[in-house]
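J.: Fit chain Y to the supplied structure of chain H, relying on the hints for placement.
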Amino acid sequence: MSAFKHKHLLGIKTLTASEIRTILQTAESFLEISTREVKKVPTLRGKTIINLFFEPSTRTRSSFELAAKRLSADIVNFNQASSSAVKGESLKDTVLNLEAMSPDALIVRHRSAGVPHFISTFCRSPIINAGDGSHEHPTQALLDAFTIQQKKKKIEGLKVVIVGDILHSRVARSNIFLLPKLGAKIVLVGPPPLLPQEFKNFGVEIDYNFERAIEGADVVMMLRIQLERQQKNYFPSIREYRNLYALTKKRFKKTKKKAIIMHPGPINKGVELSTDMAESAESVILKQVENGIAVRMAVLYLLLGGKEREITD
Amino acid sequence: MRLLIKNGRVIDPASGTDDTLDILIEKGKIVDIRARINADNVKIIDASRLVVAPGFIDMHVHLRDPGREDKETIRTGSLAAAKGGFTSILCMPNTEPVNDNRGVTEYIISKAKKESVVNIFPIASISKDQKGENLTDIADLVDAGDVAFSDDGQPVQDSEVMRRALEYSKLLNTLIIDHCEDKNLSEGGVMHEGYYSYLFGLKGIPSSSEETMVARDLILTEKADAHLHIAHLSVKGAIDLVKRAKKKKIKVTAEATPHHLLLNDSHLETYDTNLKMNPPLRSKEDVQALREAIKEGIVDVIATDHAPHTPDEKDVEFEKAPFGINGLETAVSLILDRLVNKDVISLKKFIEMISTSPARILSLENKGKISPGADADLTILNLYQEIVVDIDKFKSKSRNNPFHGWKLKGAPAMTIVGGKIVYST
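Listed in order, the protein sequences are those of chains H and Y.
So in the working numbering, the last one in the first sequence is 313, and the numbering has no gaps at all.
So in the working numbering, the last one in the second sequence is 425, and the numbering has no gaps at all.
These are calculated hints, taken from the structure and not from any lab test.
We put the CB at the ideal spot given by N, CA and C, even for glycine.
Some clues are possibly wrong.
What the hints assert, rightly or not - Which stretches of chain H does chain Y cover? Using the computed rule of at least three CB atoms under 8 Å from a CB of chain Y, they are:
1. 100–114
2. 123–134
3. 167–178
4. 198–211
Unchecked claim - Computed from the model, here is a short list of chain Y residues facing chain H with C-beta under 8 Å:
5. E317
6. E319
7. K320
Unchecked claim - In silico DSS-like links for lysine-lysine, alpha-carbon gap of 25 Å or less:
8. H:K200 to Y:K284
9. H:K92 to Y:K203
10. H:K13 to Y:K203
Here chain H stands alone, though its shape is the one from the complex (with noise of 0.2 Å):
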């Protein structure tokens, strides 16, 4: 196995395709463990890893806990609802107070983007993004990239489509810096508020008609539309946005044969996704869900320096 010359995962961005898909074969190595009878490794016994959630999150935090868990490492909740932050503390303070804990892994979720980033340039642990405001979300695009390669088995020549709020998703952002990466075309799908016409930039295309741009494609990932942008106007109201762009039968029908359906969660059903086509057995949803956990423990096995052999302890 590659080395992973990483100190911290804060996005996307600054990974090079070997690194990426030596992440994705640890993650293989680790699935196998959450489907014994005894789900736990002693490969980060003994280290302790705090998950600093400024924002609420149930999957992304649940799935790092689990991770770590399942490495038979410490973990601890922060919670922003009860921390001193709520007291006026600055989060530079909070992060100095938790560091002299001695964690070895710090694991961030901010609404600000760039947060992750501005606790390394102080902290000595490795910093593990958990998604920063609209900026990176790089385990979600791990565990995205992974589930494709399972149920494609391959991702290189894929045309992968991501409808909806491309401006402001962290996770269309770590997809758009992934998936090309490792071969794949991806095409943006939106309303032009919401998809501004600089993502071309990006190495990608764009199309506001759903219509022309999921014809062939073999991965359909759907993003969850903020209600609240309703009130900014990036789209008039949630029932043209709905006819415009919701995912539906007749839509689905275009793509490539086995294409799939995928969804980073939480759904707004009935909005991007109608519940029929979120549980369809095109949906890979819950097995984004699922794979998740491996691709965390992959990351904190390549950050915090497991030894291998104890992988299959």
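T.: Coordinates of chain Y only, in the frame set by chain H:
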């Protein structure tokens, strides 16, 4: 005490002088300029190998006094100005309380008299409490000593209010300065909108928020036949509008800051809050257009927009950090090294933009020139001195400057205000 500055290369764009001359100063005024002056009872300053220029004037400074003396005071701001080569500075009205009445103006002027080492000219707000609704008592404020009017960071959004301010300003022959920003278009933005804001996931401030306001202001200025000064011009589209307006002889002048001339939005990769200011660092194309604009004279003035903030305020999440950078102590060296030494503009042009033109725009009759009878405000430059920017050596109370560690050639060697040496290396 009389001062005799000997053998300096005197550059005075107002008179077209560029020659090795001596300057005799008496009672705060320049009394003689000639090739070889001999005088008794004088303190002699040897200015060989140095450039003697009319005192630099910074039209855009935030002194934070009264109200936020933890960031800067009239005293520390003036010391920073003197070190930066400025003999006069204009302070923006967004203090706490806002400089929207005679009381605050008189406080600034009287405190400056006691504590400042440079000339301080207050700018009052256009509207009461910078709310953009009701005009301040402009005549009373001019009488109290305010030299211009601006709502700076909280620019007047209501076009009717701006129209009346421009019209009324003619009564006093005073200057309206506008920070051109449509707040609806820029709301929530923290950096220039474009490729890099999408890359970094930060909310953008579109060029259009500046352009639409510049367009509005130019139309209103033309109709009112008033004089408008546009603060920190930063985008190509707005530059084009000013260029057209000047061709039409609309009375408009404009300024550019060193940071908008030297840095662009790609530098925000580090999420360094010292690169967060408003207007934000723009695209490479905008920076290029701004450099062309200073060459062509579309932009008249270089001003710093010195905006001190405490380390605690800046040591936070990028989105949370206040806008603004500390600029008084780095501006001159930055322009000398990056623009003059690299032949983007001539030294004479630089002096014109930072002394002659501000004095003319503000009608400061005895400043911005080196001639008998003028105020003895002089900036002496050493074009050969190499410096490394060190924020820990700032005279300013704050440290929020992104140029820390930059090696620059050319720096102020001495600052003389009213015949008094207020700074020397």
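J.: Next, verify each hint and record whether it holds.
T.: Verification of the hints:
1. 100–114: holds (count 4)
2. 123–134: Coverage by chain Y holds for the region 123–134 of chain H (3 residues, Cβ < 8 Å).
3. 167–178: That given contact holds, which follows from 3 residues of the region 167–178 of chain H lying within Cβ reach (below 8 Å) of chain Y.
4. 198–211: Since 4 is at least three, the answer is holds.
5. E317: With Cβ-Cβ at 4 Å, under 8 Å, it holds.
6. E319: Status holds, d = 4 Å.
7. K320: This interface hint holds because 7 Å falls under the 8 Å limit.
8. H:K200 to Y:K284: The given pair, whose Cα atoms are some 18 Å apart, holds under the 25 Å limit.
9. H:K92 to Y:K203: 22 Å, holds
10. H:K13 to Y:K203: Holds, at about 19 Å.
Hint compliance for this structure: every hint is met.
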